[in-house]
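One-letter residues, chain by chain:
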Amino acid sequence: MFKIDQYAYTSKLRHVHPGEKFAFAMLTMGICLAASSMLVPVLVTGLTAAAIIRGARIPARFYFRLLLLPLGFLVAGLLAVTLTISREPDPAVYGLVIWGITLGVTIPGLYHAGLLFTKSLGAVSCLYFLSLTTPMVEIISVLRRLKVPALLIELMGLVYRFIFVIMETAGSMYISQTSRCGYASLKTSYRSLAQLVSNLFVRSCYRSQALFTALLARGYTGEIRMWEDPRPVSRKNLALIALVDFILLVLVLVSWRWPV
Amino acid sequence: MKEFILEARDIHFVYSDGTTALRGATMAIEKGRKVAVLGSNGAGKTTIFLHFNGILRPGRGRVLFAGREVRYDHRSLMQLRKNVGIVFQDPDTQLFSASVVQEISFGPLNLGLPEKEVARRVENAMAATEIADLRDRPTHLLSYGQKKRVCLAGVLAMEPSVLICDEPTAGLDPVHAVQVMKLFDRINQQGTTVILATHDVDLAYSWADYVFVMSRGTVVGEGLPEEVFRDERLLKQSDLTRPWLVEIHEQLSRRGWLTEGLPLPRTKEQLFDYIQRASGSGKPALVHLFPREKMRPECASCSVGKK
Chain B
1 MFKIDQYAYT
11 SKLRHVHPGE
21 KFAFAMLTMG
31 ICLAASSMLV
41 PVLVTGLTAA
51 AIIRGARIPA
61 RFYFRLLLLP
71 LGFLVAGLLA
81 VTLTISREPD
91 PAVYGLVIWG
101 ITLGVTIPGL
111 YHAGLLFTKS
121 LGAVSCLYFL
131 SLTTPMVEII
141 SVLRRLKVPA
151 LLIELMGLVY
161 RFIFVIMETA
171 GSMYISQTSR
181 CGYASLKTSY
191 RSLAQLVSNL
201 FVRSCYRSQA
211 LFTALLARGY
221 TGEIRMWEDP
231 RPVSRKNLAL
241 IALVDFILLV
251 LVLVSWRWPV
Chain Y
1001 MKEFILEARD
1011 IHFVYSDGTT
1021 ALRGATMAIE
1031 KGRKVAVLGS
1041 NGAGKTTIFL
1051 HFNGILRPGR
1061 GRVLFAGREV
1071 RYDHRSLMQL
1081 RKNVGIVFQD
1091 PDTQLFSASV
1101 VQEISFGPLN
1111 LGLPEKEVAR
1121 RVENAMAATE
1131 IADLRDRPTH
1141 LLSYGQKKRV
1151 CLAGVLAMEP
1161 SVLICDEPTA
1171 GLDPVHAVQV
1181 MKLFDRINQQ
1191 GTTVILATHD
1201 VDLAYSWADY
1211 VFVMSRGTVV
1221 GEGLPEEVFR
1231 DERLLKQSDL
1241 TRPWLVEIHE
1251 QLSRRGWLTE
1261 GLPLPRTKEQ
1271 LFDYIQRASG
1281 SGKPALVHLF
1291 PREKMRPECA
1301 SCSVGKK
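If you read the protein sequences in the order shown, they are chains B and Y.
Note that our numbering has the first sequence beginning at 1, numbered continuously upward.
Note that our numbering has the second sequence beginning at 1001, numbered continuously upward.
If you are wondering where the hints come from, they were derived from the structure by calculation, not from laboratory data.
Please read these numbers as outputs of a predicted model, since none were measured by experiment.
Errors might be hidden in some of the hints.
[As the list claims (entries may be wrong)] Within a straight-line C-alpha distance of at most 20 Å, the following computed EDC-like cross-link-like pairs (lysine to aspartate or glutamate) qualify:
| id | chain 1 | residue 1 | chain 2 | residue 2 |
| --- | --- | --- | --- | --- |
| 1 | Y | 1116 | B | 88 |
| 2 | B | 12 | Y | 1133 |
| 3 | Y | 1002 | Y | 1209 |
[As the list claims (entries may be wrong)] Residues of chain Y clear of chain B, computed beta-carbon distances all greater than 12 Å:
| id | residue |
| --- | --- |
| 4 | 1031 |
| 5 | 1081 |
| 6 | 1090 |
| 7 | 1110 |
| 8 | 1206 |
| 9 | 1220 |
| 10 | 1259 |
| 11 | 1266 |
All residues carry an ideal CB built from backbone N, CA and C; glycine is no exception.
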């Protein structure tokens, strides 16, 4: 997760307008999810992979490892969708018969699973594209432009900031405990961990209090107003996004009209 | 007639957990000065600062800004916080945003300034604290010193008439510590009153032109640095030590190695100058401790000890 955050700040697409990246990711994801054949999701997966590896210059190995993350969930979910269990022998089911119970797969089931698999992979890669090229602060600023309620926006910003503060505190507590043999045996490990967690909670409460004081000192009145650096929108990028998504959309519509 | 910009008169304050932080603290800050507030941990420095900014209300006593008693309604408080800026000691309690620019613009935006003015102030504050190159970096990837400078910029951007800094050099490397102190001098020359809280007696002695000493919730001493740092009893009582300049000056004077009647040196350059003058006037100088033959060649060529 911290790696993703670091890449977001160093990618080659860092200085592209966040709105453009957001629009590309969301539109493409929408089209991918609306597809009724495997063609478009596969295209989307390939396209975003190219954009991430060639465009944003994220190392390919790192990206493929990221893609493996959702694979576990996907496979488990797909097994449930594809496997068919029935008591009566069914000629459409290919599989094993054990004690009169047929366990197997059907052709439409397989196709369905394949579609589901490629669609999810396509959607996930769109989200990866956004999170690997756009820092959280900029995603939040896009959401603000989209009129997401201020409360949610402020919460997202503070949560994001404090993830790092609290991780750092927890990290240094862990090191100081380890240096005093806090994790030497299973029993002391349990005790040390319990102390770490409770201490972290108390510290966080204290932190939030101190933050509130510091905000008050700078004239906080219950609303965090945000400054946005003006950033030019690139017509070229917009045209490219429009073109790519238009082609994908046409492909989806064609496959709706004339299913394979 | 002295003009006081901030005054605390006999303030008592108890935190909600029962800790008595201030017991009758009185402090009057003169306008346009460089003030250092010294005191050990828990002496009440931060608490009195929070009173100056209207965050805390005194249990007893009065706080005055520019001669008028501070009122605690919304508009008066905004006015006070616009004029009195506090930079807190731990930058991680002050930084709320992951973006440097958003962090610095928070204060000016709260003042309701137009966008152009906010942009100008943010740029100025970043230039003054030399963090313009950190602009696009997230705050969690900054070093401690960089975070500290971002916090300072966030308060500078509000252009307060009084700047209060809690331990501004703690945790900074020597180069940046000197830089920050120079920045305070610059801000002060532009007419801003600067108040520093510190344990660092050497820093306070060389930099400040007025010093307050706090101990156990009250102000136990105040005055010009030369006076305050000579008062050994006062320093001892408030768990402070004497600045090395005062210490060495006293040792040298006692042995008669310095010309008498000169004021206490405020900088090390001034002390070196005294030593040089003393040896020039035929006094038994320090140099006698180090025979010239044994000196390295580059030292032998300097004027110390030459008649």
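Taking the hints in turn, this is what the structure says about them:
no., hint, in the structure
1, Y:1116 with B:88, "violated (77 Å)"
2, B:12 with Y:1133, "holds (18 Å)"
3, Y:1002 with Y:1209, "holds (14 Å)"
4, 1031, "holds (21 Å)"
5, 1081, "violated (5 Å)"
6, 1090, "violated (7 Å)"
7, 1110, "violated (4 Å)"
8, 1206, "holds (28 Å)"
9, 1220, "holds (26 Å)"
10, 1259, "holds (48 Å)"
11, 1266, "holds (32 Å)"
When each numbered hint is compared with the structure, violations occur for hints 1, 5, 6 and 7.
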